[in-house]
Amino acid sequence: MYMGKAKTKAKDIGLEAQPPKESCSSVKCPWHGSLKIRGRIFRGTVKSSKALETAVVEWSYYHYIHKYERYERRKSQVIAHNPKCISAKAGDIVNIGECRSVSKAKRFVIFEKVKA
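Final position of the sequence shown in my numbering is 1194; the numbers increase by one with none missing.
It is worth saying that the hints were derived from the structure and are not from the lab. Some clues are possibly wrong.
Said to hold, decoys possible - Derived BS3-like pairs: lysine-lysine, alpha-carbon spacing no greater than 25 Å straight-line: (1) Lys1193 to Lys1114; (2) Lys1089 to Lys1106; (3) Lys1099 to Lys1191; (4) Lys1114 to Lys1191; (5) Lys1125 to Lys1099; (6) Lys1182 to Lys1162; (7) Lys1099 to Lys1128; (8) Lys1114 to Lys1167; (9) Lys1089 to Lys1099.
Throw the hints in and build the complete structure from the sequences for me.
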């Protein structure tokens, strides 16, 4: 009888993303819990992940200034839930999706690590 590694059961979240290799038992995980992703999706860099299951994700974009006919660089940053099965560290490029309020400040969840 072969007793190899058991595959992690991850549900379909409705997005083209690879499920994490590890599993967790968190209710606030989009892959293993009941958290649904709806709304906007962004790709950004994890700026900090010091707080428990929380990460600050930042991304930059260009904004056009009509008066000067030039573009300026701007940055946006949000606080996102960082599930234990993903556990993104500072410097990782991740995809985040909008979800219901996880806490007072968190309205996004990290659902995929693009580049570690």
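Q: Any hints from earlier that this structure breaks? Give me their numbers in increasing order, please.
A: none
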